[in-house]
Amino acid sequence: GAVVSQHPSWVICKSGTSVKIECRSLDFQATTMFWYRQFPKQSLMLMATSNEGSKATYEQGVEKDKFLINHASLTLSTLTVTSAHPEDSSFYICSARAAGGRDLLDTQYFGPGTRLTVL
Amino acid sequence: QKEVEQDPGPLSVPEGAIVSLNCTYSNSAFQYFMWYRQYSRKGPELLMYTYSSGNKEDGRFTAQVDKSSKYISLFIRDSQPSDSATYLCAMGGGGGNKLTFGTGTQLKVEL
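Chains as they are written, first to last, in my numbering: chain A, 1 to 119; chain B, 1001 to 1111.
If you're looking for bench data, these hints aren't it; they were derived computationally from the structure. The structure displayed is predicted, hence computed values, not measured ones. Quick reminder that beta carbons are idealized off the backbone N, C-alpha and C, glycines included. Don't take every hint at face value.
[To be verified] Straight-line alpha carbon distances no greater than 27 Å define the calculated DSSO-like cross-link-like pairs of lysine-lysine that follow:
#1 B:K1098 with A:K55
#2 B:K1070 with A:K64
#3 B:K1108 with A:K64
#4 A:K20 with B:K1098
#5 B:K1070 with A:K66
#6 B:K1098 with A:K66
#7 A:K64 with B:K1002
#8 A:K41 with A:K20
#9 A:K14 with B:K1098
#10 A:K41 with B:K1042
#11 A:K41 with B:K1098
#12 A:K41 with B:K1002
#13 B:K1042 with A:K20
#14 A:K14 with B:K1070
#15 B:K1070 with A:K55
[Unchecked claim] If you want the ones that stay clear, here's a sample from chain A, every Cβ over 10 Å from chain B, calculated:
#16 P8
#17 L44
#18 S54
#19 G61
#20 K66
#21 A72
#22 L76
#23 T78
#24 H85
#25 D88
#26 S95
#27 P112
[Stated by the list, open to error] To give an idea of the interface, some chain B residues facing chain A are shown, with a C-beta separation under 7 Å as derived from the structure:
#28 G1016
#29 A1017
#30 A1029
#31 K1042
#32 K1098
#33 F1101
#34 T1103
Let's have the full structure, built from the sequences with the hints guiding it.
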């Protein structure tokens, strides 16, 4: 089956530093990747949609200058949390949609998530 | 009102029980309905997806969609302790290619 990896799986950083999270589709090409965040006991909240080779589309209320997304290839998207603060501590999950898929959502595969803790 | 409503639980059942998980939604434009299973500190895993009203069965899992009532269900037969997880319903097709998730129901299957 389609596999999506994320790196790192967890990270602890000091307030004010930047953190980069990678999302890779390992055995398929992903034209679209999605970035979510999830707080404890809450559902996934979509942050942005990333299409390969173009700018990401951010959801309302998500600061694009704080959460930088790059989707430079069909197998890699990165999320950089700039000047992280404790309120950015969360579980960040990416998903990838296979290239060539119909406009259907059954081809969206999730990564294992990255737990970010900002001290 | 949220677009998707899901009882967060927790729901505790004995091993072997039939589990019923449900979501309601308000956006009649939703066309795709999915159930994901998420273990603690892991990413969601797609369990079932349906595109129309009716039932879809896969092993011990049955997904049911009633578009007229805007209500979807996931049934788990012969529940096992390994089924203990959070179950998220998700819907799409209501605009763009985004998924809208329920809050998730935490299920615990006890020996």
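These are the hints, each one checked on the structure:
{"no.": "1", "hint": "B:K1098 with A:K55", "in the structure": "holds (16 Å)"}
{"no.": "2", "hint": "B:K1070 with A:K64", "in the structure": "violated (34 Å)"}
{"no.": "3", "hint": "B:K1108 with A:K64", "in the structure": "violated (38 Å)"}
{"no.": "4", "hint": "A:K20 with B:K1098", "in the structure": "holds (23 Å)"}
{"no.": "5", "hint": "B:K1070 with A:K66", "in the structure": "violated (37 Å)"}
{"no.": "6", "hint": "B:K1098 with A:K66", "in the structure": "holds (22 Å)"}
{"no.": "7", "hint": "A:K64 with B:K1002", "in the structure": "holds (24 Å)"}
{"no.": "8", "hint": "A:K41 with A:K20", "in the structure": "holds (24 Å)"}
{"no.": "9", "hint": "A:K14 with B:K1098", "in the structure": "violated (33 Å)"}
{"no.": "10", "hint": "A:K41 with B:K1042", "in the structure": "holds (13 Å)"}
{"no.": "11", "hint": "A:K41 with B:K1098", "in the structure": "holds (21 Å)"}
{"no.": "12", "hint": "A:K41 with B:K1002", "in the structure": "holds (16 Å)"}
{"no.": "13", "hint": "B:K1042 with A:K20", "in the structure": "holds (19 Å)"}
{"no.": "14", "hint": "A:K14 with B:K1070", "in the structure": "violated (45 Å)"}
{"no.": "15", "hint": "B:K1070 with A:K55", "in the structure": "violated (35 Å)"}
{"no.": "16", "hint": "P8", "in the structure": "holds (13 Å)"}
{"no.": "17", "hint": "L44", "in the structure": "violated (5 Å)"}
{"no.": "18", "hint": "S54", "in the structure": "holds (14 Å)"}
{"no.": "19", "hint": "G61", "in the structure": "holds (15 Å)"}
{"no.": "20", "hint": "K66", "in the structure": "holds (21 Å)"}
{"no.": "21", "hint": "A72", "in the structure": "holds (20 Å)"}
{"no.": "22", "hint": "L76", "in the structure": "holds (17 Å)"}
{"no.": "23", "hint": "T78", "in the structure": "holds (17 Å)"}
{"no.": "24", "hint": "H85", "in the structure": "holds (22 Å)"}
{"no.": "25", "hint": "D88", "in the structure": "holds (18 Å)"}
{"no.": "26", "hint": "S95", "in the structure": "violated (8 Å)"}
{"no.": "27", "hint": "P112", "in the structure": "violated (5 Å)"}
{"no.": "28", "hint": "G1016", "in the structure": "violated (27 Å)"}
{"no.": "29", "hint": "A1017", "in the structure": "violated (23 Å)"}
{"no.": "30", "hint": "A1029", "in the structure": "violated (14 Å)"}
{"no.": "31", "hint": "K1042", "in the structure": "holds (6 Å)"}
{"no.": "32", "hint": "K1098", "in the structure": "holds (6 Å)"}
{"no.": "33", "hint": "F1101", "in the structure": "holds (4 Å)"}
{"no.": "34", "hint": "T1103", "in the structure": "holds (4 Å)"}
The earlier numbered hints that this structure contradicts are 2, 3, 5, 9, 14, 15, 17, 26, 27, 28, 29, 30.
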